[in-house]
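A.B. asks: Letter by letter, the chains look like this.
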Amino acid sequence: MSSKTKSADKLLFTSADWDFETLKATYDAIEDIALNELKLDVYPNQVEVITSEQMLDAYSSIGMPLMYHHWSFGKRFVRDDVMYRKGYQGLAYEIVINSNPCISYVMEENTIVMQALVIAHAAFGHNHFFKNNYLFKQWTDADGILDYLQFAKSYIAKCEDRYGFDAVERILDAAHALMDQGVNRYSRPEKPNLAAELKRERERAKYEDETYNDLWRTLPQPNPGDQDMDELKRKMRVEERRAQFGLPEENLLYFLEKNAPTLQAWEREILRIVRNIGQYFYPQKQTKMMNEGCACYVHYAIMNSLYDKGLISEGAMMEFIDYHSRVVFQAEYDDQRYSGFNPYALGFAMMQDIHRICVDPTEEDHKWFPDIAGNNEPVETLKEAWAHYRDESFILQFLSPKVMRDMRMFMIDDLSSSPHLEVAAIHDDNGYRKVRRSLARMHDISVREPDMQVVDVDIRGNRQLYIQHTEHEGIRLEKSEAEMTLGYIGQLWGYGVTLQAVDYESGEILHEVNYTPDDLVGN
Amino acid sequence: MLYIVDRRKNPTGKSLGNRQRFMRRAKAQIKKAVESTIRSRGITDISSGDQITIPGKTLKEPGFHHMGRGGNRNYVLPGNKKFVQGDRIARPQGGDSGSGGSQASPDGEGEDEFQFTLTRDEFLDIFFEDLELPDLLKKSLKQTTAFRNARAGFSVEGTPSNLSLVRTMRNSLARRIGLRRPKTAEVRELEEKISALQAKAEKRPNGKLTKTDEDTLHTLLADLEEAKRRMKAIPFIDPIDTRFNQFQQIPDPNTQAVMFCLMDVSGSMSEQMKELAKRFFMLLHLFLHRKYEHVEVVFIRHTSRAAEVDEETFFYSRETGGTIVSTALEEMKKVLVDRYPTDQWNIYAAQASDGDNYSNDGAKCTALLAQDLLPKCQYYAYIEITDEREAEIFAAAEGETALWKSYAPLARDNPRFALKRVTKAADIFPVFRELFAKNRAEAGR
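Protein sequence lines, in the order shown, are assigned to chains A and B. In case it helps, UniProt numbering puts the first sequence at residues 1 to 523. In case it helps, UniProt numbering puts the second sequence at residues 1 to 445.
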């Protein structure tokens, strides 16, 4: 302790205000710890200082520095503006963009402690996660995103000039409604090319030649007059059609972009833009908790290291701890402030816990995590986890009984057949695994978001489009919203659309909604 | 490895485009909200922009989402205090605080109302949409006001000081290219070649060139002569090239207006009636402000005598006495003559009264208006304020007040004069709109 107070000259800063020199010096000190102690692997950093007003601007366009114009962003802006001015809601201290170089926005109002925290959190924590997590590697192109957004913005502005606000707004509204259904959840095999097709065809013929057996001819053939035959043919046609359109297709926007009969080329391009942006954000949705946990762990480690080295004062440390504890605060379920699990809190708790398991395991940890308990390589273990998991699988793998106990988690069964809720499991030996599985499912985007697919198109008839919602456990769609969204699909498709809810287990159609465009009604 | 960029100087308001699109989208709802605010609020702070509440529903951004409840589901909550496995809990009613499993979308699912603040300009735009001032410019003003110069294209003649260099040089260049005037560089090149050949000749022992060089020299000399001839014949700038900036004198419309507020303050006008009158005056004032840079207001109150007063006295002090409207008109006439010559001012007047008048005064008022005031005014509005209860009686009895009776014929043949009745605060704005609606002339007849 005494050594710290002695060496006041080593301090990076002494007052709350910052200027560019202290900011640079602070950054260098943080970078030193991040790269040499934690050995993080990051994109080059670009820190941009902005005003609160600019922060509000950035907020409303989903945090991107460049974005095309749309009224929904204006709505968000207007709302955030009111909330901020009335003091209901503070602004984020920082925004970070998954790009190369990694851009972090910091607000000028922040104190220097806050700037240090933000740099450690965003410029190193998030940055490392963006660069190393498999989902981001697989789905997003950090090098190209800013250029792409620039393109999107000017393209849409051009369309507005040429075709009018209303026409563009119509397409964007519809596309935004389908944004969640505009992502590929699984990468598809590459499109086969003609040569490969032909080769496969030859191989198939060859196989038939080789395995030809005259005996088969002597088997009784089905009577061509049978009713079954018609049924069979019909089924064949359906199969053919589905193959032709690549159905079933989970990416509704992709399907409409490629197949909607009435869209103009520019309208398809706009759908593509929205789809690409949706895809860009898809990994962030799946790793929200881990990403924040990673960043919180990193800033906590860095700030403590700065303090241990005597680079920041005790006062600064107190200020940091104040911010930090507010960020990782988890309200309890019966608290007014409760609105679900705080990803910062859960993420940070889990990261700290993994660290603890690595360096100071208990008997229980040895039983639950034989692979990592006591391996004394906390940062390496964490980096491994950050690279290869998403929220759902991370919880399933790493949520320890201790965290469940600390946060006093319990699991509720909510069955429509029962008049009561039932406590299905709590944080005890019987319950750990159940709680963990349930919490993991809550973070699974494929469970959280409805399972929607394009299943059929009546291409030779009235061009009716069939969309199927597979209902799991009787959880239905929000009706009025689904109907409006269906309307948007109808606008893009240009012909009738049917939305069928199909039970996952029995496969039977539970209910059906139809949409017919206005200009087709009565035909 | 670090770049720090100071973006604070970057233009803000990147969301302006988004905000405008949002306003466009929400226009119908915003308009409704604005009108209802007008009804319920004091006029004085109208222009400061306003907190508008519009129903969120019409601005919904739908999507496919799971319902918040129903079906079979399970979820985990933090902060267990007393539950053990197997406990039963009553299903919470309303509000799905328990359903951590299906997070509402971040766009404020279930948000019924949506609040935001309009800027002053946005507010006034919506407020006065479709309204316009009658007879915005006085015909007489057009001859007498100041003029300003405005560009009016180009002409072939003018003073040298107005020469448009760009246009002139463009024409000259086109002509020179068209007539193949040799460029100075080409001439210089020819001369250089010739002098090179001549230098070559001097170096040779016999001082003569070879046959081929001799021929080239001859052709070059011929070319040079031709080029020089053309250069002389085709001038660099010809009078037909010249163009001059042209200016036009445009009359600058008068941008100042004066607004006369005339009000009866006799005992029969209650506070509430005065409040209504005030609202109307404020609206008119706001409206004029949008059209004219400079608006002056003259307050004239009257009982049996009239006087010009300040705003405070006008609205808030009481007087007793009879009612002679013509005194106010006389006063207005006097002020007009004294301070507001018609060639410099746009004149608007609004008169508020409960309709009482001294019985012999009607003819005098009509004469004053018809002969002295209306020809000078752009617009003269008469607002008759009646008590709500009285209005009912009048409606039944088809009664007309003394002032209304004398004004009504005037309004029939004078488009600059209008009269309306107001009984409650909610009437003010509709009446105002009616008076100033864009197609007032067609609609009124």
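Hints are supplied without guarantee of correctness; some may be wrong.
[Said to hold, decoys possible] Only part of the chain B face toward chain A is listed, based on derived beta-carbon distances under 8 Å:
id, residue
1, L2
2, R19
3, L59
4, H65
5, Y75
6, R180
7, P182
8, T184
9, A425
10, D427
11, V431
It should be emphasised that the hints constitute simulated quantities derived from the structure, not laboratory data. Keep in mind that this is a model prediction, so the values were computed, not measured. From the three backbone atoms N, C-alpha and C, an ideal C-beta is built for every residue, glycine too.
A.B. asks: Compare the structure with each hint and give your call.
C.D. replies: A quick look at each hint next to the structure:
Hint status for L2 (chain B) relative to chain A: holds, with the closest Cβ pair at about 5 Å, below 8 Å. Because the closest C-beta pair between R19 (chain B) and chain A is about 4 Å apart, less than 8 Å, the hint holds. Using the Cβ-Cβ criterion of 8 Å, the hint placing L59 (chain B) at the interface with chain A is satisfied: the shortest such distance is roughly 6 Å. Hint status for H65 (chain B): holds, given a least beta-carbon distance of 5 Å to chain A, under 8 Å.
At its closest, the beta carbon of Y75 (chain B) sits 6 Å from a beta carbon of chain A; the interface hint therefore holds under the 8 Å criterion. Given the 8 Å rule on beta carbons, the hint for R180 (chain B) is violated: about 42 Å separates it from the nearest Cβ of chain A. Evaluation of the P182 (chain B) hint against chain A yields a violated restraint, the C-beta minimum of about 46 Å exceeding 8 Å. Interface hint at T184 (chain B): violated, since its Cβ lies 44 Å from the closest Cβ of chain A, which is beyond the 8 Å cut-off.
Using the Cβ-Cβ criterion of 8 Å, the hint placing A425 (chain B) at the interface with chain A is not satisfied: the shortest such distance is roughly 28 Å. This hint is violated: D427 (chain B) has a C-beta 32 Å from the nearest C-beta of chain A, more than the 8 Å allowed. At about 32 Å, the closest approach between the beta carbon of V431 (chain B) and any beta carbon in chain A exceeds 8 Å, and the interface hint on this residue is violated.
Consistency note: the structure conflicts with the earlier hints numbered 6, 7, 8, 9, 10 and 11.
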